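Number of protein chains: 2
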Amino acid sequence: MTAWDSIAARREGVPVLMPGHVWLAGAGPGDPGLLTLDALAGLQQADVIVHDALVDRRVLALAPKTARLEFAGKRGGKPSATQADITARLVALARAGQRVLRLKGGDPFVFGRGGEEAMALAAAGVCFRVIPGVTAGLAALAAAAIPATLRGINRALIFAAGHGAGEDFDWAPLARAGQPIVLYMVMHNLERIVASLLEADIAAQTPAAIIAWATTPKERILVSTLEELCDAARELRFEPPAIVVIGKIVSLRERLLGASESAGKDARR
Amino acid sequence: MTAWDSIAARREGVPVLMPGHVWLAGAGPGDPGLLTLDALAGLQQADVIVHDALVDRRVLALAPKTARLEFAGKRGGKPSATQADITARLVALARAGQRVLRLKGGDPFVFGRGGEEAMALAAAGVCFRVIPGVTAGLAALAAAAIPATLRGINRALIFAAGHGAGEDFDWAPLARAGQPIVLYMVMHNLERIVASLLEADIAAQTPAAIIAWATTPKERILVSTLEELCDAARELRFEPPAIVVIGKIVSLRERLLGASESAGKDARR
Chain A
1 MTAWDSIAAR REGVPVLMPG HVWLAGAGPG DPGLLTLDAL AGLQQADVIV
51 HDALVDRRVL ALAPKTARLE FAGKRGGKPS ATQADITARL VALARAGQRV
101 LRLKGGDPFV FGRGGEEAMA LAAAGVCFRV IPGVTAGLAA LAAAAIPATL
151 RGINRALIFA AGHGAGEDFD WAPLARAGQP IVLYMVMHNL ERIVASLLEA
201 DIAAQTPAAI IAWATTPKER ILVSTLEELC DAARELRFEP PAIVVIGKIV
251 SLRERLLGAS ESAGKDARR
Chain B
270 MTAWDSIAAR REGVPVLMPG HVWLAGAGPG DPGLLTLDAL AGLQQADVIV
320 HDALVDRRVL ALAPKTARLE FAGKRGGKPS ATQADITARL VALARAGQRV
370 LRLKGGDPFV FGRGGEEAMA LAAAGVCFRV IPGVTAGLAA LAAAAIPATL
420 RGINRALIFA AGHGAGEDFD WAPLARAGQP IVLYMVMHNL ERIVASLLEA
470 DIAAQTPAAI IAWATTPKER ILVSTLEELC DAARELRFEP PAIVVIGKIV
520 SLRERLLGAS ESAGKDARR
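Read top to bottom, the protein sequences are chains A and B.
Start counting the first sequence at 1; every next residue gets the next number (the working numbering).
Start counting the second sequence at 270; every next residue gets the next number (the working numbering).
Calculated directly from the structure, the hints in this document are not laboratory data.
Just so you know, not all the hints are guaranteed correct.
[As the list claims (entries may be wrong)] Under 7 Å between C-beta atoms, here's a sample of chain B residues computed to sit facing chain A: (1) R364; (2) A408; (3) A441.
[As the list claims (entries may be wrong)] Just the calculated beta-carbon pair ranges, DEER-fashion: (4) A322(B) <-> E191(A): 23 to 31 Å; (5) R524(B) <-> E261(A): 43 to 51 Å; (6) H432(B) <-> D170(A): 25 to 33 Å; (7) E460(B) <-> K218(A): 43 to 51 Å; (8) L69(A) <-> G282(B): 19 to 27 Å.
If you're wondering where the values come from, they're calculated on a predicted model, not measured in any experiment.
Where a beta carbon is used, it is the ideal one built from N, C-alpha and C, also for glycine.
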């Protein structure tokens with residue numbers, strides 16, 4: 001029994017996870033406090049929870065012990081499920097009449113292949129519900145006391161994936177948009193992407209930050225400039241999972257940090 | 270007594286809203302199921318809840334009756350609080366030792382002036398916590414069964430505000446980024462912005478959608494092309510609040526709609 005056991009039952013208007021259906025839900029960035037009530041309702045109702053590596057243990061701990069947890073992500077040193085394996089498994093579980101929660105870190109539709117899974121479910125005739133979540137990029141900015149937007153500073157915000165199909169991606173048009181860029185899954189390609197952004201004339205002194213393990217006990221924050229970001233990340237051993245943000249908004253952090261009760265402190269060089 | 274009264278008390282590790290502190294929290298797009306557990310904890314603990322017009326009544330109904338609700342937003346036909354009034358009020362409430370929840374629609378740092386409020390609090394020496402939320406743009410896409418990202422379709426996603434200081438904003442660099450654009454607060458300037466995007470050579474036949482009142486009982490969805498979007502919106506009387514999304518991802522909706530248990534149906538012309 002967890003302290004949460006009766007919560008779903010107490011809420012009015014809670015959606016019902018039906019046998020044979022799949023909920024594609026965002027688990028948020030890590031902190032269980034950033035889970036949505038609907039995702040919690042899914043945890044409470046599911047027969048089986050198919051989760052990624054980045055779903056926090058504290059979130060999974062909110063499921064009743066009767067729920068079966070299935071890991072379906074990529075993690076160093078263990079055989080990885082392919083995307084085809086995962087979607088086939090979701091379809092098989094649904095067809096077996098299970099109530100399936102597919103739980104993904106952040107928001108399921110933001111760089112998480114949730115769209116592919118939804119299309120595979122639809123093609124197989126399996127009913128699904130999408131439960132959006134707090135996306136890691138916005139959670140990381142909030143955790144670092146960096147406003148995503150501020151009048152007079154930016155009118156737009158660009159989310160981009162640093163990793164994925166098409167490594168020949170042209171970063172110049174995004175760089176030339178002149179707006180802050182929030183990068184997901186970027187650490188393995190950080191040097192190449194930073195070089196591309198500098199080549200596209202983003203100023204070398206543009207403030208930049210890395211927020212690793214945002215909203216978890218392992219959270220670390222590095223504030224630097226675009227030019228020095230890679231050296232600093234190497235020196236301080238910043239590794240995935242991490243969000244990188246590049247733009248003037250990063251410099252606002254200085255004005256907020258002293259009064260913020262939640263923002264993490266900087267890693268020191 | 271609401272059905273929620275004891276939830277905050279039952280959760281382990283819940284952050285404590287201290288007298289004299291302000292939590293800047295996102296209320297999500299409307300549906301109380303998309304509220305985070307931390308925002309709910311704020312509703313449960315606050316002495317006073319200072320909320321915007323777009324915070325859903327069903328969310329506010331989760332506060333105990335002892336909490337005082339203060340409206341501090343802009344709404345047609347009523348005198349609007351200025352941003353300076355709002356920040357002064359937050360500071361005054363905190364200095365009076367109140368536990369203050371500043372509740373904003375969506376995510377507090379995304380086009381919601383949460384950054385300005387945080388800076389005013391910091392300048393006044395008032396401690397605050399930022400609680401990110403499910404941003405309206407991502408919630409609207411999920412509600413409409415439009416994946417925000419899909420491999421092979423897009424590698425980035427641009428959020429932009431259609432309204433705000435600087436109406437001479439140059440849309441061409443964003444348009445040329447070649448990635449889907451999600452527009453907030455856009456309905457009053459829709460014709461001008463669509464014209465700018467067409468001038469910047471986004472194809473006239475690019476799929477586009479409007480999601481009004483996403484995740485509320487008033488939700489309506491319009492799917493069209495960039496070229497025809499304004500005429501369709503006028504004919505079907507689409508009004509704020511609404512999210513507009515422009516890009517190939519919109520066409521994926523057709524493949525998902527039949528199997529989605531949550532996605533709203535189209536408004537008909």
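Status of each hint after checking the structure:
1. R364: 13 Å, violated
2. A408: Constraint on A408(B) satisfied, holds at 5 Å.
3. A441: 9 Å, violated
4. A322(B) <-> E191(A): 23 to 31 Å: Violated, since A322(B) and E191(A) (Cβ atoms, about 46 Å apart) do not stay within the stated range.
5. R524(B) <-> E261(A): 43 to 51 Å: 45 Å, holds
6. H432(B) <-> D170(A): 25 to 33 Å: Between H432(B) and D170(A), where Cβ atoms are some 31 Å apart, the hint holds.
7. E460(B) <-> K218(A): 43 to 51 Å: Holds, at about 48 Å.
8. L69(A) <-> G282(B): 19 to 27 Å: 21 Å, holds
Against the hints set out earlier in the document, violations occur for numbers 1, 3 and 4.
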